[in-house]
Structures are given as C-alpha cells and as structure tokens.
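There are 2 protein chains.
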Amino acid sequence: MEKKEHLEQVRHSLAHLLAAAVMELWPSVMRAIGPAIDNGFYYDFEFKKPISENDFPKIEEKMREIYPTWSTFNKIKLSKKDALLEYKDNPYKKELIEEFSKEDVPLSFYQSGDYKDLCKGGHVKNMQSVDMNAFKLNRMAGAYWRGDEKNTMLTRIYGLAFHTKEELDSYIVQLEEAKKRDHRKLGKELDLFIFSELIGSGLPLFTPKGTVLREEINTFSQELRIKRGFLRVWTPHITKNDLYKVSGHWDKFGDELFLVTSQETKDQLVIKPMNCPHHQQIYASRPRSYRDLPIRYLETTTIYRDEKAGELLGLSRVRSITQDDSHIFCTPQQLEKEYEQVIEVVKEFYEKLDMPLRIRLSFCDPKTPEKYLGGQSLWESSQAILTNVVKKNNMDFFIAEGEAVFYGPKIDFMATDVLGREWQLATGQLDFVQPDRFNLTYTDLDGKDKTPIMIHFAVAGSLERFLSVYIEHTGGAFPLWLSPVQVKILPISEKHRKYAQEILGKLSDAQIRVELDGSDETLGKKIRLAKLEKVPYFLVLGDKEIKEKTVTLENRYGKPSESFSVEELLTKLKGEIEAKK
Amino acid sequence: MEKKEHLEQVRHSLAHLLAAAVMELWPSVMRAIGPAIDNGFYYDFEFKKPISENDFPKIEEKMREIYPTWSTFNKIKLSKKDALLEYKDNPYKKELIEEFSKEDVPLSFYQSGDYKDLCKGGHVKNMQSVDMNAFKLNRMAGAYWRGDEKNTMLTRIYGLAFHTKEELDSYIVQLEEAKKRDHRKLGKELDLFIFSELIGSGLPLFTPKGTVLREEINTFSQELRIKRGFLRVWTPHITKNDLYKVSGHWDKFGDELFLVTSQETKDQLVIKPMNCPHHQQIYASRPRSYRDLPIRYLETTTIYRDEKAGELLGLSRVRSITQDDSHIFCTPQQLEKEYEQVIEVVKEFYEKLDMPLRIRLSFCDPKTPEKYLGGQSLWESSQAILTNVVKKNNMDFFIAEGEAVFYGPKIDFMATDVLGREWQLATGQLDFVQPDRFNLTYTDLDGKDKTPIMIHFAVAGSLERFLSVYIEHTGGAFPLWLSPVQVKILPISEKHRKYAQEILGKLSDAQIRVELDGSDETLGKKIRLAKLEKVPYFLVLGDKEIKEKTVTLENRYGKPSESFSVEELLTKLKGEIEAKK
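Protein sequences appear in the order of chains G and W.
Heads up: the first sequence runs through residues 1 to 581, numbered per this note's numbering.
Heads up: the second sequence runs through residues 1 to 581, numbered per this note's numbering.
Don't take each hint at face value.
As the list claims (entries may be wrong) - Stretch by stretch, here's where chain G covers chain W in the computed footprint (C-beta under 8 Å, at least three residues): (1) 118 to 129; (2) 235 to 246; (3) 464 to 471; (4) 559 to 568.
What the hints assert, rightly or not - With a cut-off of at most 25 Å between alpha-carbon atoms, the simulated BS3-like pairs for lysine-lysine come out as follows: (5) 179/W x 165/W; (6) 266/W x 227/G; (7) 227/W x 581/G; (8) 266/W x 252/G; (9) 94/G x 49/G; (10) 4/G x 150/G; (11) 227/W x 580/G; (12) 498/G x 252/W; (13) 337/W x 574/G; (14) 227/G x 572/W; (15) 179/W x 227/G; (16) 266/G x 534/W; (17) 580/W x 337/G; (18) 337/W x 506/G; (19) 498/G x 337/W; (20) 227/G x 116/W; (21) 266/W x 150/G.
To be verified - Which bits of chain W does chain G cover? Going by a derived footprint, with three or more residues having C-beta under 8 Å, they are: (22) 162 to 168; (23) 276 to 282; (24) 474 to 488.
Read the hints as simulated data drawn from the structure, not as lab findings.
Every value quoted in this text rests on a predicted model; they were computed, and no experiment measured them.
Positions of the beta carbon are idealized from the N, C-alpha and C atoms, including for glycine.
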C-alpha cells in the first residue's frame with residue numbers, strides 16, 4: 001500500500017475518534033459526516049450550544065483518553081430498518097441512510113471500542129498504529145449541511161494529521177509561513193492590487209506598483225519568445241459566438257462564458273474565454289506555404305471566465321485572466337524543434353525566478369484509444385517526440401497516462417515554490433483538432449494542401465494566478481529587476497533634501513524606479529519603513545555624502561553599507577537589473 | 001455673406017439643375033430630395049429602368065443645355081391641395097407635403113427656367129453666376145428613401161461642386177490620392193489588420209505587422225508620459241454597472257453599452273466604455289495627501305462601444321477602441337504645470353509624426369452659465385489658465401465657446417494630415433465633477449480634506465482611429481522606426497543565400513525587424529516587391545558583397561545605393577531608429 005493511501009486511513013480513523021470524543025463530552029450533539037482531507041480530517045456536528053476553539057484541548061484530551069480502548073475497526077451490517085433505529089433522533093444520518101440504502105442490501109457500519117458509525121470503510125488496520133502526537137485540531141468553521149445554504153449551518157471541526165510528529169510540526173511551520181506570505185495580505189501591505197465593490201468580485205485592479213510586476217513579468221516572458229521568432233498579434237476581447245461554434249468550445253464551455261448583449265445590432269456576442277480561435281483567424285487570413293512555417297503568434301491579453309462567486313480567491317482565482325499566450329503553427333517535421341524552444345523558454349523563465357521545475361507528460365490512456373482524436377500513430381509519434389525532447393533537455397519528468405485532453409498530448413510544467421508547494425503554471429499543448437475545424441492549411445513542398453499542427457503555449461500562464469504564487473514565493477521581497485520601487489532615497493534631515501532631490505533626478509533619468517522619503521521622521525524610522533516596504537536598496541544621504549559627493553547604499557537584508565559615487569551606483573544597479581538579479 | 005454659405009447655395013442650385021436634366025432625359029423618373037452636401041450635392045430618384053455612371057456625360061450635357069434658360073429662383077406659394085396636385089404620381093413628394101404642411105400655411109416652391117421644386121430655399125441669386133466648369137457628377141449609389149431599409153431603394157446621383165474649376169480639380173486630385181491611401185486598402189495590401197466574419201464587424205484583428213505599428217505608437221505615447229511622472233495601472237474590461245451609476249455615465253450612455261450576462265452570479269455587468277471611473281477607484285483605495293499629488297495614472301486599454309453596424313468603417317469607426325488613456329489628479333495650483341506637460345507631450349508626439357497641430361480651446365458658453373457645473377469663478381480661472389498655457393507654448397489656437405462639456409473646459413488638439421484634412425485626436429479635458437461624485441479627497445497642508453481636479457488626457461486618442469489617419473497620412477510608407485519590416489534582405493541568387501542568412505542573423509540579434517526574400521525571383525522582381533511593400537531599406541547581396549564582406553543598401557525612394565560593413569550599417573540603422581527617423 002502506498003504511504004499516501006495509508007495516511008488517508010489514519011486521517012479517516014481520527015475523524016471517528018474525534019466524533020467519539022465530542023459525543024462523550026456533549027451527549028446531545030448530532031453527528032453528520034467526517035471524511036479525510038488533504039492535510040487531515042474534519043467532522044460536522046450540530047451542537048445544542050455553540051462551542052469554540054477554546055474547547056479543542058479538552059476534545060484532544062478526550063480523544064487520547066478513548067484511544068487505548070480502540071484497536072481494529074469491525075464491519076457491522078445493519079438492515080435499513082435497524083440503521084434508522086440506530087439514529088432515530090439524527091435527521092442527517094437518516095437522510096444518508098435513505099440515500100445509501102438500495103432495496104434490501106444491508107448498510108455498513110464500522111466500530112472500534114464503543115464507537116460505531118455509518119461508514120463505507122477505509123480505516124487503519126489497528127488504531128494503535130496511529131501516532132497520537134502527529135495530529136492536532138486546528139480550526140472550526142460553519143458549514144451548511146451538504147454545502148447547500150438552504151440547509152442548517154453545522155459546526156465543522158478540522159484536524160491536521162500526519163504519520164509523525166515531525167511531519168505535523170513542519171506542516172504547521174509551513175502553514176504559519178504561508179499565512180505570513182498570503183498574497184492577499186501582502187497585496188494590501190505593499191499596495192499591489194485592490195478590489196472595488198463597485199466593480200465586482202474577481203476583478204482586481206492593479207495599482208502602479210502591482211502594474212510594474214505584471215509588466216516586467218510579461219515583458220520577460222515575451223522577450224524570451226520574441227528572440228525565438230514569435231510575433232506579436234492583437235485580437236479583440238469580444239466575438240460573435242459563431243467563432244466558438246466552429247471551434248467546438250460553445251458546446252463544451254457555453255455556460256462558463258460571459259454573454260454580451262448588443263443594444264444596437266442583432267449580433268450574439270461573448271467575451272473571449274481563450275485566444276486560439278482568434279489567432280487561427282489571423283492564420284487563415286492569407287494562403288500559407290511550407291516556407292512560411294513555423295508561424296508563431298504571441299499575445300498577452302485578458303480573457304474572462306464566469307467563475308462562481310464562492311470560488312473566487314484573491315489573485316488565485318479571478319474572473320479577468322490575463323494570459324501570456326502564444327500559438328505555434330507548424331508541420332509534423334517541425335514539432336520537435338518547436339518543443340525544444342518551448343522547453344528552453346520555460347526553463348530560462350523559471351530558473352530566473354528561482355522556481356525548480358519538473359515536467360508532467362500528459363499522455364493519452366492507451367486502454368481507451370477511442371477517447372482521443374487524431375489517430376493512434378499520430379499520438380504515438382508525437383508522444384515519442386515529447387518524451388525525447390524532455391529527455392534530451394535533461395528535464396525531471398513523469399508520465400501521466402490519461403491526463404491528455406482529447407485533442408492532443410501536452411507538456412505541463414510544474415514549478416515548486418519556496419514552501420515546497422507545486423504549481424502547474426506553464427503549459428505546451430499539442431492540438432490536432434482545431435486547425436482542422438477551422439480548415440487551416442499550408443501548401444507543402446509537393447504542392448498539396450495540408451493541415452498544420454498547433455501548439456498552445458503559455459509561460460507564466462495567467463499573470464494573476466502566477467503573481468499569487470510568486471508573491472507568496474518571494475514573500476513580497478522581489479528581486480531588484482522586478483521591484484516596483486528599486487531604490488529609496490533617505491535624506492537624514494531637512495538640510496539634505498536638496499541633495500536627495502538631485503540624486504533622485506539622476507536615478508530617475510537612468511530609468512531606475514526610485515522614491516524619496518521626504519517626511520520629517522528620524523532616519524531609523526525611515527529605514528524601518530523602507531524595510532517593511534521590502535525595497536531592495538536604500539540610499540542614506542547626510543553631511544558626509546554631500547561633502548564627498550557620494551551615496552551610502554544599504555539593503556533590505558541589513559548587509560554592511562557601501563559608499564559609491566552616483567556613476568558607480570548607476571553602473572552597479574544597471575548591471576544587476578540587466579542580469580535580472 | 002461667407003464664402004462657405006455661398007458655396008452651399010451653388011451646390012443646392014446645381015441639385016435642382018440635375019433634377020431638371022434627369023427629368024428631361026427620363027420623363028418617367030420620380031424625384032425625391034436633393035440637398036447640398038460637404039463637397040457638392042446629390043439628388044435621389046426612382047428610375048423605371050436602372051441607369052449607370054455611363055449616363056453621367058449625357059446628364060451633364062443636358063444640365064449645360066438647360067443652364068442658359070435659368071436665372072433667378074422665384075419663390076412660389078402653393079396650398080397643400082395645389083401642391084399635391086403638382087406631384088400627383090409621386091409618393092415621395094406627397095409624403096413630404098403631408099409632413100411639411102401645417103394647417104393652412106401655403107408650401108414654398110422655387111422655380112428657375114421651366115423647373116419647379118418643393119423647396120425651402122437657399123439658392124444663388126442668379127444661376128448665371130455659377131461656373132459650369134466647376135462641377136462634376138462623380139458617383140451613383142443606392143439609398144433607401146429616408147434612410148430606412150424598409151423603404152424603396154432609390155438611386156442617388158452625387159455631384160462635386162466648387163466655386164472654380166481649379167478648386168474642383170484640386171479636390172479631385174485629393175480624392176484620387178485619398179482613394180490610393182485608403183487605410184482599408186493599404187491595410188489589406190500591407191497585411192496590417194483583418195476582419196473575420198466569425199468574430200464580427202467593427203472588431204479588427206491586428207496581424208504581426210499591424211501589431212508592430214500599434215505597439216510602437218503606444219510605446220512612444222507612453223514613454224513621453226512615463227518620463228514625466230505618469231505611472232502605469234491596469235484595470236479589467238468589465239465592471240458592475242454600479243460603477244457607472246455613481247459616475248453618472250449610466251444615465252447618459254446606458255444604451256451605448258454592451259451588457260454582460262453572468263450565468264454564474266447575479267452581477268449586472270457591462271463592458272467598460274471608458275476608464276476614468278476605474279482609475280478613480282485606484283485613487284480612492286488609500287488616503288492621499290497634498291504631498292502625493294499630482295498623481296498621474298496611465299493605461300492603454302480597450303474599451304467597447306456598441307456602434308450601429310451601418311456606422312462602422314475600417315479602423316475609423318470600430319467597436320473595440322484602444323485608448324492610450326491617462327488621468328491626472330491634482331490641486332488647482334498644479335493645474336497650469338500639468339497642462340504645460342500635456343501640451344509638451346502632444347507637441348513632441350505629433351511633431352515626430354509630421355502632423356502640424358492647432359489647438360481648439362473648448363470653453364463654456366458665457367451666455368448659458370446654468371449648463372455648466374463647478375461654478376463660474378472656477379471656470380473663469382481654469383479657462384484663463386488654459387489660454388495662458390497655450391499662449392506661453394506658442395501654439396496656434398482658437399477658442400470655441402460652447403464646445404466644453406458640462407464638467408469642465410478642454411484643450412482639443414487638431415492634427416492636419418498630408419492631404420490637408422484636420423482630425424481631432426489628442427485631448428486634455430478638465431473635470432470638476434467626477435472626483436466629487438466618487439468622493440475623492442486629499443488632505444491639504446491646512447489639514448482639511450479637499451477634492452482634487454482631474455484631467456482626462458489621451459495622446460493618440462484611439463489607436464485604431466489614429467492608425468486609420470496615420471496610414472493615410474503616410475500612404476503606408478512608414479518611417480523606419482515604425483516600419484513593421486525595417487530592412488529586407490535580397491540575395492541576388494541561390495548561391496548568395498547563405499551570406500544573406502548570416503546578415504539576417506546579425507540584424508535580427510540587433511533587434512532590427514528584418515525579412516529575407518528567399519524566393520527564386522530575379523533581383524528586379526525582388527526589388528519591385530520590396531518597394532510595393534514600402535520597406536524603408538533593402539540590402540542587395542551578391543558576389544561583390546560576399547567578397548568585400550559588405551552590404552549594399554538601397555531604399556524605397558530609389559536614392560543611390562551605398563556600401564557598408566555590417567557594423568557600419570547597424571550603427572546607421574540604430575541611430576536612425578533611436579532618433580525616430
């Protein structure tokens with residue numbers, strides 16, 4: 001058995017133990033359900049009187065008290081009638097019994113010690129194998145019965161659980177760190193983006209500082225591709241729905257689209273949820289020859305998806321999604337070379353941003369070839385090409401059979417952040433289907449019209465989602481080249497302000513993003529503020545600097561200060577920015 | 001009487017003469033209406049059998065034949081009954097009579113020679129003062145009666161008319177030139193933008209070449225502002241309509257908006273038709289002090305307006321309008337300095353693009369102060385500031401009283417193209433009203449909360465409309481820095497291709513936009529094609545160049561060719577691009 005599966009059993013078993021403890025402490029409580037989750041478990045209860053997180057130590061103590069009386073989990077089968085009797089005062093369990101019971105098949109319960117619960121199973125073999133130091137109740141929240149806001153609000157008690165205390169402790173440290181780095185919190189503190197009630201949820205507005213981040217990330221992502229022959233295009237944000245009827249997206253994603261009503265025409269419009277059909281219209285606008293291929297279009301543009309309000313979260317899940325998108329049109333013979341470039345670009349991008357990468361090769365499931373379009377030999381040959389390219393580039397990779405979409409295999413790039421969390425951001429996706437639906441062709445060397453292959457390729461993916469990850473990855477201490485404010489100038493007192501202004505002008509002329517703290521605060525306070533703002537460098541200017549015509553450079557990490565002439569400083573800064581340090 | 005007014009009389013008189021000639025030639029024709037227009041006149045007819053533009057010489061001859069019999073236009077008054085009798089078989093004139101006749105007031109007709117027409121007047125005193133060499137029938141088109149497509153389609157005959165033959169001739173030359181320069185024609189020939197039926201009318205897609213133009217123009221416009229302290233922001237394309245209810249746009253422009261339906265939430269959304277309310281939300285997101293002002297936000301973003309399908313025209317009138325927008329928030333004391341910067345930016349921009357500017361000061365109408373918000377003294381002082389700034393900068397200007405919008409006076413910049421046509425493109429518009437509606441404030445030196453003044457400022461205006469003008473201004477022969485392809489490499493034959501590839505790589509690495517003509521055509525054909533494509537420079541490469549390690553530079557104007565080493569060439573090109581030549 002895999003370790004992961006066993007951990008799920010530990011968590012599920014602890015959920016039972018939690019319920020047992022709660023029922024001993026509050027005999028009038030009603031149980032609902034209690035599954036294992038990603039980092040532990042929960043159980044939902046209806047309490048007669050509200051409890052609070054202050055009760056957690058008492059509950060944990062009771063769990064430990066009961067623990068020695070539990071060993072194996074024994075399966076008990078009860079008829080529907082007996083099962084209903086078991087829960088005669090509990091409407092939640094009764095509802096579940098009504099739902100689960102089919103004709104005369106008995107219902108399964110599991111029991112350990114004195115505690116019995118309606119349950120499909122999935123526990124540890126013996127409760128005594130569970131390390132009672134490796135769990136912790138950590139959170140309470142309201143939860144509607146069955147997630148429906150028309151139902152009663154229950155009390156959900158969450159627990160964290162791991163195999164060992166070390167794993168639990170390190171997870172708790174990570175949680176604390178993630179809390180400190182929460183991009184929503186940092187977004188406010190560093191003034192990067194805002195939401196407005198008048199504009200709506202899931203629609204962030206980027207302040208000047210946040211816009212610097214967006215723009216720099218995007219420029220980097222575009223530059224890497226432009227020097228490899230990608231060409232910028234521009235397409236509008238709305239379109240007649242006809243476009244998606246041809247592409248096939250209308251049937252698949254019709255209800256995730258924002259519909260647009262024209263009051264002046266009869267056009268049935270939508271806001272674009274992706275750019276591929278638009279880019280294909282540009283490809284289709286003239287005849288193409290094999291000599292013209294590969295054609296690589298690039299466009300950073302905002303698409304809109306109608307997410308449920310409850311699923312929106314900071315920049316992680318938004319309704320306005322700005323993709324650094326591109327589409328490559330090529331011949332089958334060019335596929336390998338194009339994918340090599342895709343990998344090069346993504347590697348260079350994430351290396352610069354200090355995020356290790358591994359590749360998931362999302363392939364078709366060989367057991368169900370009927371689910372995929374394009375023909376088996378095309379799939380096999382292109383999957384071989386992808387595998388080969390990945391190996392040639394010495395990338396860490398794994399194959400995920402059955403993860404491909406129906407129109408082609410893909411390379412998904414998984415980036416790991418400083419907290420060890422893995423994110424799928426960049427992707428390079430083959431498409432055998434759309435070029436055919438749009439009748440795209442090129443005239444080959446033999447004079448025949450053939451259909452090009454398309455690769456969908458995004459580097460950061462969605463700029464918003466990317467920033468949500470990257471802000472947490474860096475904790476808001478961005479490298480110099482990305483920092484909204486690169487240098488802050490701190491004159492020691494009033495009489496040094498004129499010199500500070502002069503330095504400000506020089507840095508600003510050299511296109512350094514620079515700010516001057518012209519307040520009347522003490523130098524100590526000014527330095528503390530600059531550090532809070534996570535500005536990479538700050539310049540302290542006083543009598544000595546004026547006399548020597550220098551600046552004293554300090555940084556957010558408190559490294560020893562250094563003295564420079566303005567020219568030396570500019571050379572240093574420009575060099576570091578150029579090298580994307 | 002003004003010359004312009006007299007010219008309108010000439011044109012209207014010629015419309016009568018046209019109808020007289022047509023009726024003599026085709027007695028069964030039915031007349032509708034015939035007004036003077038911008039460059040001449042037209043008359044709408046219902047012909048029993050279709051005629052064609054080949055009939056124009058015959059009609060013009062007949063007009064000249066009738067002409068000597070006309071002198072003054074005599075007014076005749078007829079009762080409604082007599083008027084209806086006059087046109088007993090003509091439903092168009094009858095409809096007009098029904099509409100114009102009020103109770104028992106007689107209807108006015110005008111007669112010269114034997115021709116009489118229902119008409120409100122506005123003719124020359126004597127037909128013999130009209131120069132019969134200064135008009136020309138130039139165009140025929142279908143036109144629905146009263147512009148309604150449910151009505152009969154009539155035949156509209158257009159004539160050009162001026163005071164003198166010289167004016168007519170020069171106008172015809174200008175028309176021919178404008179036709180050759182039509183941006184829709186050049187857009188296709190130079191592969192700059194396309195339209196797609198699947199996407200919809202008024203929604204252009206920009207190809208790689210057109211996107212270079214957009215981007216370069218936008219970058220220039222932004223750079224001019226960024227070095228003057230403007231900060232980029234980013235805002236989404238959709239918003240709850242609440243935002244426009246607060247701003248007041250909902251009541252004013254509600255029916256020009258694209259409405260957006262969310263299938264997942266109850267939000268009532270629209271696509272933004274302007275950016276000012278969005279930018280104000282960013283301003284409003286933190287407390288501001290007088291020390292923070294002026295705050296200058298800049299964003300190039302696409303807004304959408306629901307134009308009538310019939311009004312859409314190439315890039316001149318589109319539904320996707322990309323504005324190089326900005327908004328300045330400042331104190332009244334800062335207004336003058338901010339406007340000085342506005343003028344500096346616009347001057348530098350249009351000078352570089354070789355388009356002379358003059359300024360229209362759009363002020364309030366002092367006779368109707370009740371139409372304007374903000375109070376008379378605020379208007380007077382700010383109008384004085386605008387006038388003063390314009391004078392100080394030695395700008396050619398005129399004051400247009402009554403052209404201001406209700407919320408503040410504005411500076412409109414009028415740019416003249418190479419055909420002498422004047423276009424209102426850039427604008428700098430004061431706004432006393434919106435900051436108040438959104439409760440924007442700053443804490444002044446005296447500790448009191450005050451409302452900032454806002455300036456709406458766009459340089460190119462709409463990139464699409466700007467490009468429609470600029471493509472025609474240049475006839476598609478863009479300056480080097482704007483050219484989608486800056487250099488084309490023309491190897492004389494197959495054996496020079498390797499060297500050509502090498503040069504291509506060097507130019508490309510130096511970020512020159514370069515293309516290689518790898519076809520098997522003769523050099524002559526390659527050169528002709530490069531000229532048709534209006535590429536500024538092309539390099540001819542043959543045996544001599546390979547031997548001497550040089551390139552031979554030619555240009556689209558056929559100036560004598562020059563020989564350079566690659567390094568020399570790069571220095572020359574980079575210098576010219578840097579200087580925006």
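Residue count check for the stretch 235 to 246 of chain W against chain G: does it reach three with CB-CB under 8 Å?
holds (count 9)
Would the pair residue 179/W and residue 227/G pass a check requiring their Cα atoms to be no farther apart than 25 Å?
38 Å, violated
Does residue 49/G lie within 25 Å of residue 94/G when you go C-alpha to C-alpha?
Holds. Residue 94/G to residue 49/G sits at ~22 Å (cutoff 25 Å).
For residue 266/W and residue 150/G, compute the direct alpha-carbon distance and say whether it is at most 25 Å.
18 Å, holds
Taken at face value, is the distance from the CA of residue 337/W to the CA of residue 498/G at most 25 Å?
21 Å, holds
Can you confirm whether the C-alpha distance between residue 4/G and residue 150/G stays at or below 25 Å?
35 Å, violated
Is the straight-line distance between the alpha-carbon of residue 179/W and that of residue 165/W 25 Å or less?
21 Å, holds
Are at least 3 residues of the stretch 474 to 488 of chain W within less than 8 Å of chain G when you compare beta carbons?
It is violated, with 0 qualifying residues against the three required.
Coverage criterion applied to the stretch 118 to 129 of chain W (partner chain G; beta-carbon cut 8 Å; 3 residues)
violated (count 0)
Could you grab the alpha-carbon distance between residue 580/W and residue 337/G and see if it respects the 25 Å cut-off?
Answer violated: residue 580/W to residue 337/G is near 36 Å, above 25 Å.
Please work out if residue 266/W and residue 252/G have their alpha carbons no farther apart than 25 Å.
22 Å, holds
Satisfaction of hint between residue 227/G and residue 266/W, Cα-Cα up to 25 Å:
Not OK: residue 266/W and residue 227/G at ~45 Å, beyond 25 Å, violated.
Hints 1, 3, 4, 6, 10, 12, 13, 15, 16, 17, 20, 22 and 24, counting from the list given before, are not met by this structure.
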